[in-house]
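Q: The chain contents come next:
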Amino acid sequence: MRTFLLYQRLLIKMNDLNNISLSEIIKLVKSKKISSLELANHFINNIKKGKKLNSFITTCFDQTINDSKNFDKKQNFDGLLPGIPIAVKDLFCTKNIKTTAGSKILENFVPTYESTVTSNLWKEGAILLGKLNCDEFAMGSSNETSFFGNVLNPLENNLVPGGSSGGSATALTASLTPATIGTDTGGSIRQPASFTGTVGLKPTYGLCSRWGIVAFASSLDQAGPMTKNVEDCALMLEAMSGYDKKDSTSINRKKENYSKNLKRSIKGIKIGIPKEYRVDNMPKEIEQLWKNGIDILKKSGAKIIDISLPHTKYALPTYYIVAPAEASSNLARYDGIKYGYRSKKGNNLIEMYEHTRAEGFGDEVKRRVLIGTYVLSSGYYDAYYLKAQKVRKLIKGDFDNSFKEIDAILTPSTPSSAFKIGEKANDPISMYLNDIFTVPVNLAGLPAISIPAGKDHKGYPLGLQLISKELEEQKILNIAFAMEKEIDFKQTLNRWWE
Amino acid sequence: MPIDKSQVKKVAKLSRISLDDSKLESLSKDLVSILNFVEQLNKLDTNEIKPLTSIIDKSLDTRDDTVSDGQIKDQILKNSPEKNEDFFIVPKVVD
Chain A
1 MRTFLLYQRL
11 LIKMNDLNNI
21 SLSEIIKLVK
31 SKKISSLELA
41 NHFINNIKKG
51 KKLNSFITTC
61 FDQTINDSKN
71 FDKKQNFDGL
81 LPGIPIAVKD
91 LFCTKNIKTT
101 AGSKILENFV
111 PTYESTVTSN
121 LWKEGAILLG
131 KLNCDEFAMG
141 SSNETSFFGN
151 VLNPLENNLV
161 PGGSSGGSAT
171 ALTASLTPAT
181 IGTDTGGSIR
191 QPASFTGTVG
201 LKPTYGLCSR
211 WGIVAFASSL
221 DQAGPMTKNV
231 EDCALMLEAM
241 SGYDKKDSTS
251 INRKKENYSK
261 NLKRSIKGIK
271 IGIPKEYRVD
281 NMPKEIEQLW
291 KNGIDILKKS
301 GAKIIDISLP
311 HTKYALPTYY
321 IVAPAEASSN
331 LARYDGIKYG
341 YRSKKGNNLI
351 EMYEHTRAEG
361 FGDEVKRRVL
371 IGTYVLSSGY
381 YDAYYLKAQK
391 VRKLIKGDFD
401 NSFKEIDAIL
411 TPSTPSSAFK
421 IGEKANDPIS
431 MYLNDIFTVP
441 VNLAGLPAIS
451 IPAGKDHKGY
461 PLGLQLISKE
471 LEEQKILNIA
481 FAMEKEIDFK
491 QTLNRWWE
Chain B
499 MPIDKSQVKK
509 VAKLSRISLD
519 DSKLESLSKD
529 LVSILNFVEQ
539 LNKLDTNEIK
549 PLTSIIDKSL
559 DTRDDTVSDG
569 QIKDQILKNS
579 PEKNEDFFIV
589 PKVVD
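These protein sequence lines map, in sequence, to chains A and B.
Its first residue numbered 1, the first sequence is counted upward by one per residue in the numbering used here.
Its first residue numbered 499, the second sequence is counted upward by one per residue in the numbering used here.
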């Protein structure tokens, strides 16, 4: 019997762990077919073999092993994530573990506290594997702005994984972590999910606490799950969300059982198709992908309704006023005094500030801080910032109006598949255009999920996005769950990086 | 031209970011293209629209004005690049 069990364990380790979902791994742990320590060793081994991908900034293997041994000793399977090793984006503060936000200015920052969202994961039994690379201060759509170098997409070694949660998307896709969390200010979860063939959800603003997350644009930032399938996504969202009195914009309501209430339900649901998302020069493949998604919904009994979100084209310019304005205020704290990098140059306090920030911030962060400072400065505030907040109201109004007659909106997640490293690095605007379908959701504070829905002619994955009104995460999870089954997206990786 | 080099210099000063001339050139170019891009918003008449002040339908929570933590001086000073006993060290400010 003992030999048989050992044999069974070996089989699990060798064949399956890279190809099964978080939910299936949890079943193995609960039925004692695998221990937390065995899991930890498996993922640590994958991380060590996956160095080329550059998806990790920091690992903490001693702590991981220790925590997993402790879990195995206590054998408490009550949590949603019992003994599961998980890596998180390096934007979440982790107590006594370096947290860099992908920036030189925080290169040696070791928080003395834990973010609410990560501490929620640990309360459910999860164990920290390490901290994942991202664009500097989450400002980027390709993970090329990280001080710690760009991350590679597991699909091909010259391809970006998207951004800003690029390290998270890559580590998940390459099975260096069974699930992960990212943050999404303008598409930073959904776009990399789309570029890697994985699932990513941006929750309603206020569903997940922002406390302890390095701030980028506080009225837009939300943390959310990135997973291999919809079931895992529901589970991770359930684990990480919840009211937090330390975040004054946190929504105080009963916690939902997203995973328990997950069901494939489309019949009778009304899906809006916004005509404004049919943008100029949209690749035919994206158009086809969208059409296929609509056909699947129709076949499953959904009612398709053409809708109009007339201010959609103003979302991106609005975002590139609001987000930099908030960033320039948030990043004012990096002064080389209280924490973070300090330049040795400068003859007085002001010069020290100026050199610290010049040396500590990368180009994209500088661009956004300067834009933000400019649009908030005296004489320009009304023309830019106030104007943008008025247009933001119109954009939110478009969604509010359409949700009076529909349940959810279906759009493509991105206007293209993953692009090559360096392809858009020299043109900020063409990089910004990546977020054209994701940004409106952040401006309106709504939840949205991206699911893998097909591939382009190069074999690169493409995603579809479902948007609902605020706090209806369960609805889009259920629709996505049903679509996932019909789409049956499959991706095989040759693990070239090992 | 929404912004010229002297304005970029001024904004850099306000942002407390030192810029050398080579950086100034490329950054000015980028800022011009970003500002040109966002100026599309001017096509929209928003005279009658009230600006958005909150995206969530609730007023912000307030808390009692009482001390809920404290005694964490060591934690606060821990990540400081330069400190001395109970103080952050900064370059000399007054002569």
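Think of the hints as simulated: they come from the structure by calculation, not from any bench.
Fair warning: this is a prediction, and the values are worked out from it, not measured in the lab.
Possibly wrong hints are sitting among the right ones.
Just so you have them, the derived chain A footprint on chain B, three or more residues with Cβ under 8 Å [unchecked claim]:
| no. | stretch |
| --- | --- |
| 1 | 501 to 510 |
| 2 | 562 to 571 |
| 3 | 575 to 583 |
Keeping only pairs whose Cα atoms sit at most 20 Å apart, straight-line, the calculated EDC-like set for lysine to aspartate or glutamate is [said to hold, decoys possible]:
| no. | chain 1 | residue 1 | chain 2 | residue 2 |
| --- | --- | --- | --- | --- |
| 4 | B | K541 | A | D382 |
| 5 | B | K511 | A | E285 |
| 6 | B | K521 | A | E351 |
| 7 | A | K458 | A | E285 |
| 8 | A | K298 | A | E124 |
| 9 | A | K291 | A | D280 |
| 10 | A | K475 | A | E285 |
| 11 | B | K508 | B | D518 |
| 12 | B | K507 | A | E364 |
| 13 | A | K260 | A | E124 |
| 14 | A | K393 | B | E546 |
| 15 | A | K95 | B | D572 |
Heads up, the beta-carbon is just placed ideally off N, CA and C, and yes, glycines get one too.
Q: Compare the structure with each hint and give your call.
A: Results of checking the hints against the structure:
no.	hint	verdict
1	501 to 510	holds (count 5)
2	562 to 571	violated (count 1)
3	575 to 583	holds (count 5)
4	B:K541 to A:D382	holds (15 Å)
5	B:K511 to A:E285	violated (47 Å)
6	B:K521 to A:E351	holds (17 Å)
7	A:K458 to A:E285	holds (11 Å)
8	A:K298 to A:E124	violated (38 Å)
9	A:K291 to A:D280	holds (17 Å)
10	A:K475 to A:E285	violated (27 Å)
11	B:K508 to B:D518	holds (13 Å)
12	B:K507 to A:E364	holds (17 Å)
13	A:K260 to A:E124	holds (16 Å)
14	A:K393 to B:E546	holds (12 Å)
15	A:K95 to B:D572	holds (14 Å)
This entry does not satisfy hints 2, 5, 8 and 10, going by the numbered hints stated previously.
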